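J.: This is what each chain is made of:
2 protein chains.
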Amino acid sequence: MPIKKGEKYFQILDAALKTFALDGYHRTQVARIAKEAGVADGTIYLYFESKEDILISLFTEKMEAFVLELKERLSKGKGFEEKLRILVSHHFGLLGSNPAQAMFTQIEMRQIDPVINKGISGPLKSYFKVIEEVIRLGQSEGCVSMDLDVRLARKMVFGAVDEVVTCWVMSERKYELTSLADPLYIMLKAALCTTK
Amino acid sequence: MPIKKGEKYFQILDAALKTFALDGYHRTQVARIAKEAGVADGTIYLYFESKEDILISLFTEKMEAFVLELKERLSKGKGFEEKLRILVSHHFGLLGSNPAQAMFTQIEMRQIDPVINKGISGPLKSYFKVIEEVIRLGQSEGCVSMDLDVRLARKMVFGAVDEVVTCWVMSERKYELTSLADPLYIMLKAALCTTK
DNA sequence: AAATTTAGAATGAATGGTCATTCAGAATTG
DNA sequence: CAATTCTGAATGACCATTCATTCTAAATTT
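As you go down the protein sequences, you meet chains A and B in turn.
So in this note's numbering, the last spot in the first sequence is 231, and the numbers never skip.
So in this note's numbering, the last spot in the second sequence is 231, and the numbers never skip.
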C-alpha cells in the first residue's frame, strides 16, 4: 500500500516532472526518476503503485493546485468579463512560467491509455466545471445568450486555450505566452457575448 | 528501403488503423497488425521502417486526403462565412463518420515523441494553412478585423474544433458530432467577425 | 546511559516477460 | 533460373517490478 505523502513522495514527483518533460513518459525509465530524486529504484514502489501511478498522481497534484488557485483568483474578480479574462490569463500565466509543467500537461499527459484516462478525468472535470460556471454567470448577467450550449462553449474555451499553449510548447517557447492572453480573451468574449 | 506503395502497403495501413483505434499505439504489437493485415510479421518491414513509421505514414495519408477534400469543398463555397461553415462541418463530418480515424487522430496520434512529431508536422501544417487562408479571406472581405492575429485566430478555431471531437470520442460517441457543427460555427464566426 | 531489540524505511541487483526487429530460407514471379 | 517478394521462428535489447538484505532510529531493557 503506497504512502501518498511525505518528503520523498514530493521529491519523486518533482523528479518525475523533470524527467517526463525532458524525455517523455515512455522513454523515461523508473530508474532515472529514482536517480534524479536521489532515492533507490525500489523506494519508488513504497510511494507509488506503478510508473503509471506516478503519472496520474503528478497530474492530479498539479491540477488540484491549479484549480484551487484559479478559484481563489476568480473570487476576486467581479462580473463575467473580468472572470473570463482571469481564466485565460491564469492558465497562460501558470504554464507560461512553468515550462516543465506545460510540457508535461500538453504533451506527456496525452499518452493516453484507458487506465491513465480514468485516473485524470476527475481533476480535469473540476477545471471544466469552473469554466462552465463562469459562462453561466455570463448568462445570468444577460451578456451571454441563454440559448448557448454551455458545455459546447466550455469546449471551445478550453480547446482554444489549450491549443495556444500546445503551440507555444512546440515552438520551444520562442515567445511570451502571456502576451496572447489578452487577444485571445477578446476573441472568446466576442464568441460568447451577444451584446458587444 | 521500404516500399511506400502497393496493395499490401495500404492493407497494412488499414490494419494498423483498426488495431491502433482498438488497442492504442503502445499496446498493439506489430505481430497483431501483421495478422490483421493477413501478412507475415516480416513483411511489415518491407513496407515500413519501423512501428513508428507506420504511425507517421498512416497519419500523413489520412491528413493529406482530408486536406485535399477540404480544399475541394472550400472551392465550392463563396465568401468567408460560408467557407468557415464548410471548414467546421467537413471536420466534424469526416471524423464523425469514421470512428476509428477519429479515435486515432484524437487519441493515438498524441503519443508524441520528438521523432513522431517531426513526421507529422508537415501534413498538419498544410491544414493550418487552409484555416489561415479562410481567415485572411474574411479580412479581405472586411468582415474580420485586419488587426486580428491570424495565427492566434487559427489556433482558436483548430483548438475548438479539435476539443469538441476529442470530447465526442471520449464520450464513446454517444451523440451526433455533426449536430454541433452549426452552433460551433456560430460562436467562431462571432469570435472572428467585427461586424455582426 | 549503555546495550539490545524491533519495526519500518530504503536499497539495488536480479528477474522475467514483453515485443520490435532480423534473417535464412521458401515461395512466387517474369 | 534469377530476381523479387514473402515468411515466421528466433533473437536480443529493454526495463518495470520484485525482494532478500541492510540501514536507521526509536523503544525497551538491563
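Treat the hints loosely; a few may be bogus.
Which copy is meant is left open, so a pair is good if it fits within one copy or across any two.
Stated by the list, open to error - Subject to a maximum C-alpha distance of 27 Å in a straight line, what follows is the list of computed DSSO-like cross-link-like pairs (lysine-lysine): (1) LYS53 <-> LYS153; (2) LYS209 <-> LYS43; (3) LYS209 <-> LYS164; (4) LYS160 <-> LYS70; (5) LYS70 <-> LYS53; (6) LYS160 <-> LYS39; (7) LYS111 <-> LYS53; (8) LYS40 <-> LYS70; (9) LYS53 <-> LYS224; (10) LYS209 <-> LYS111; (11) LYS40 <-> LYS118; (12) LYS153 <-> LYS113; (13) LYS224 <-> LYS164.
Worth flagging that the hints you see were computed from the coordinates, not collected in a lab.
Because the structure is a prediction, the values reported are computed rather than measured.
J.: Which numbered hints does this structure break?
T.: 2, 4, 7, 9, 10, 11 and 12
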